[in-house]
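> From first to last, the protein sequence lines are chains L and X.
Quick note: the first sequence, position 43, residue 43 per our numbering, numbers continuous.
Quick note: the second sequence, position 51, residue 51 per our numbering, numbers continuous.
In case anyone wonders, no lab produced these hints; they're calculated from the structure.
For clarity, every value in this text was computed on a predicted model and none was experimentally measured.
Glycine included, C-beta positions come from ideal geometry on N, C-alpha and C.
Hints may contain errors.
Below, simulated DSS-like cross-link-like pairs (lysine-lysine); rule was C-alpha separation at most 25 angstroms, straight line [said to hold, decoys possible]:
| id | chain 1 | residue 1 | chain 2 | residue 2 |
| --- | --- | --- | --- | --- |
| 1 | X | 73 | X | 45 |
| 2 | L | 24 | L | 11 |
| 3 | X | 9 | X | 55 |
| 4 | X | 55 | X | 73 |
| 5 | X | 9 | X | 73 |
| 6 | L | 11 | X | 73 |
| 7 | X | 55 | X | 45 |
| 8 | X | 9 | X | 45 |
| 9 | L | 11 | X | 55 |
| 10 | L | 11 | X | 9 |
| 11 | L | 24 | X | 9 |
Here are some, though not all, of the chain X residues that point toward chain L, as calculated from beta-carbon distances under 8 angstroms [claimed, not checked]:
| id | residue |
| --- | --- |
| 12 | 6 |
| 13 | 11 |
| 14 | 19 |
| 15 | 53 |
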Amino acid sequence: MADQELTDRVKELIAENQVLLFMKGTPSAPRCGFSMRTVQVLDQMGVEYGAIDVLPALQPLREVTSEISDWETFPQLYVNGELLGGCDIVEEMFENGELAEALGVEQPAAAEPAEAEAPASDEPYKSPPMQIEGS
Amino acid sequence: MAADLNELKGMIEAALPGSSAEVIDETGTGDHLRAEVSAPQFEGKSRIDQHRLVKAAVRERFEDGTIHALTIKILD
């Protein structure tokens, strides 16, 4: 049974942030390869997103997301209040253009098939990582 | 305890009648697996819901620690 206060806080964050990533580590210092790959995809989309480091409260947050989203693993990307997916879904949706559609942005040119690595010249805005305290 | 790939394939195919699943051991260590699944139940569902169906089918093997990571590939 997930902690009610933490559950409410997580629901609030999901409602308040149009694009919200629960990840291990921070966008500038990811602590897990799957979180890093998800950040790399998001950074190419040029959208503002909130990022929450789950490591300080990993188990309580697992219980919360298990209850509200039927999903226990991180990263988790929420768009407009809905869980879009973890790393593999996000990467797949990036490649087929569905992510751009979900985010309401143009598919970045670098995502075109067989295109060489072309990092965006502008660093997209990122909100500072938010902290959730375990209770 | 290494996962039994055939058991997992069977669990997915039993949970999703009419589906076809291939379960591959990606690292050779038996706990990081990849499942490629096609199923009539996926029709009209979002990716996340398709993945939820596959995960639910093998949830027991996550809970008992047999599997640590399962990459899911939905075959349309």
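> Of the numbered hints stated previously, which ones are contradicted by the structure, given in increasing order?
6, 10, 11, 12, 13, 14 and 15
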